[in-house]
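Enquirer: Going down the list, the protein sequences come from chains A and S. When the count follows our numbering, it moves up by one through the first sequence with no breaks and lands on 589 for the last residue. When the count follows our numbering, it moves up by one through the second sequence with no breaks and lands on 88 for the last residue.
Since the hints were derived computationally from the structure, they do not count as laboratory data. Each hint should be verified, as a subset may be incorrect.
[As the list claims (entries may be wrong)] One side only, chain S facing chain A, incomplete, derived with CB under 8 Å: (1) Ala20; (2) Ser46; (3) Lys79; (4) Leu80.
Just so you know, even glycine gets a beta-carbon here, dropped at the ideal spot from N, CA and C.
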Amino acid sequence: MDRALTGIPASPGIVVGPVHLLRWEVPDVPTHIIPDDAIPAELERYRAAVERAKERLAGVRDRAAAQAGPEEAAIFDVQISMLEDRDLANQVESYIRQNLAAEKAFDVVLHEWRARFAHHASPMMRERVGDLTDIHIRLLSILIGLPDHDPVDVPKGTKAILVTHDLTPSLTVQLDRDAIAGIATDAGTRTAHVAILARSLGLPAVVGLRDATLRLAGGENAVLDGSTGTLVVNPTDAEVAVFQHRAEREERDEAELRLLATAEPVTTDGERIVLRANVDLPEESPQAATSGAEGVGLMRTEFLVVGRTTMPDEEEQYRAYRRVVEAFNGRPVVIRTFDIGGDKLPAGGFPHEANPFLGWRAIRMCLDESDLFKVQLRALLRAGLHGDVRIMLPLVVTIDEVRSARQLLDEAAAELEERNVPFQRNLPLGVMIETPAAAMCADVFAKEVAFFSIGTNDLVQYTLAVDRGNVNLAARFTPLHPAVLRLVKHTVDVGRAAGLEVAVCGEMASQPVMVFALIGLGVRQLSVAPRAVPLVKHIIRGISAELAVEAATAAIASDNAAGAERQLAGRLRAAFGDASFLGDGLLVS
Amino acid sequence: MAERSAKIVNKLGIHARPAAEIVKTASRFGSSITIVRDDLEVNGKSIMGVMMLAAEYGSELLLRADGSDEEDAVSAIAKLIESKFGES
C-alpha cells in the first residue's frame, strides 16, 4: 500500500497520532439460520444488544447535551425511543422465532423501515431516515461484534486522527475536541461544511482523500498534515521527526503572527484595511475578539439550526446573538440571516431537491416561511440594543427580496412593540453579493441597502457553474477566474461610488494571494476566520496598495485563472520572498 | 373504549421529538392505544407508527384507547397535542 495519501488541504496544522476509523456505514450481514433450540438464547442476545445500544446512546446524548446543549441532544432521545419501539421489537423477534439469527432479523426489519421512510410523501419522514440508519449501524455493530467505531468513544487526551467518509452534522455534534486532534475525510472540498468547521475549531484537516476509509484499518499511527493535504500512514521515525520539526516551525511562525494582534492593518503606502472575523458559533466570539479583529464581518446563524429537531425560538436566538454582540463591545457585528438549504438542512426537514444549490434555500426559504424568518428578525432587533448589529441577507438575486425582507423587518418591529419588548430600530440592512445577478445589478441594490458583502465561495460557484462540494470539480473551482475578478471589481466600483461599505467575507479572503488581489480590486474590508486574522494582517502590512492595483489590473486582463494567478503570485513573492505561508491556496507553485 | 379527536396546532407538526413525547405519554397507560389519521391506524406506543402518521399542522387525528385507564389515556394525549409540545 502506498503509505502517503494525498487529499485537499482544508485546515492547516500537523498532528501525529493514532487513526480512529469511523466507518459509519451499514455492514453486510450474511443470512444465518439458527436451530429451534437456540431461539430463546438468540432472543436474549437481541434484547441485550438493544439495552447495550440504549446505554451507549444515553451516553452520547449526555455528552452532546454538555457540549452542544439540550436541543442538539434531543435527536438521541428520538433514537432511543426508536430502539424501544414495541412494533419494531415484535417484528424482529418474530423473524428470530422463524430461525433467523438476530443480526439478520434486525437487518431485514430495518431495511424495510428505512425504505418505507425514504419513500414517504412527507419530507418530515424522509429526514428521519438518517436516525434509522444510525440505529441500524449501531445495533448491527454490537450484534456482529464489529470494532468500536463510535465517534465519541475515543478516550480524552488520545489526540486521534478521525478518518471517515464524510463528517455529517449529526456526527459533528458528537465530536470531542479533547480526544480528536485532526480530521481526514474521503469526501469534501476546501469549502465543504467539514472544512469550514475544522478551521473554526482550529483542527488540522485534510478532505477529498477519496478512499482513505477503505485503505485504513484503524489504529495505525499516522501523520496528518493539513497544510499540504497529506496523510502518511505508519510513518518512520525519521518522517515523524521531519513533520514534528515543521509543526514546531509553524507554531513559532504563528506565535510571531499573534504578536500582530494589536498592530494596525495598514499597507506600506498607508491604505487602512478594516479586518473583521467570521464567527460560526457564539462560543467562538471571545477568541475572535482577542484575535485583533475589529468586529464580526460575518456571523453565520445556520449552526443554530442544523442537526436539530426543532427551530431555536426567539429567546434562544436572542441570547446567542447578544453573546456575540457583547463580546465585541460596540464594534460592528454583521449577522447573516439563515442560509439554510443546500448542504445545510434545517430542523424539521425540507424537501430533497435535484439541485439544492439552485433550490429553495437562504432568503428564498426565509421569505416563503415568513413566520420562521420573523422569529429571527425579532431576535436580531432585540440583540441590536447591545451593540452595533447589522443584518445581512444571503443569496439575493432581485431587489424584490430586499423589499420583502424590509417589510417583514417592519412587521417584526411592530410585533415587538405590541409586546412591549425593547429593541433597536433602524438596524442597517445589507446584502450578500454572491450571485452574478446581484453583482451585475449592484447599482439597483446600492440605492436601497446599507452595505455590500461579497461572498466569494458562492460567487465562484454560481459564476463558474461549479459545485463547490464536488470533489471531481475541485480543480475547476478557481476563484481567480477573470470572470469572478471582474464581478468583484464591478461590485466594488458601484458600491464605492454610492458611498457604501463593500466587504469580502468568503473563506478565500484569508488566502494570501486573494488578499493581495482583493486589495488591488479596491476592497477595503475583509472578514476572515479568527485564526487567519494575524496572517492576513501580516500580508496587508507587507504590501503596497499600488503594487496590488498593478497586480490586480494585470490579473483581470488575463486569459484564465492560471494566468491571473501568475500575475499576482509573482508580485506577491517579490514582496515577501519565499515565505512558507504564501503557498496556502495557490494553484500553481 | 374511549375516543377523542385532536387537531395538530404546533407549526412543525408531529416531527420526531413530539412523536417521542406522544409515545412516552401513551406508554404510561395500560390501555392499548391507537391513533388514526384518515385511513391509517397506528399503535400509539410505537414511535415509528406515530411518525408514520406524518401529521402536519392542521391535520385531524382520532385518539382511541381500550382498557382500564382508557379515559385518562386519551385525555392525556389530547392535552399534550393541545399544548403544542412547548413549540409555537
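Enquirer: Per the CB criterion, is Ser46(S) less than 8 Å away from chain A?
Expert: holds, 4 Å
Enquirer: With 8 Å as the cut and Cβ atoms as the points, is Ala20(S) at the interface with chain A?
Expert: It holds, given that the least Cβ distance between Ala20(S) and chain A is near 4 Å, below 8 Å.
Enquirer: Interface hint check: Leu80(S), Cβ to nearest Cβ on chain A, cutoff 8 Å. Holds or violated?
Expert: violated, 15 Å
Enquirer: Against chain A, run the beta carbon of Lys79(S) and see if the smallest gap drops under 8 Å.
Expert: Status violated, d = 20 Å.
Violated hints, in rising order: 3, 4; the structure is consistent with all others.
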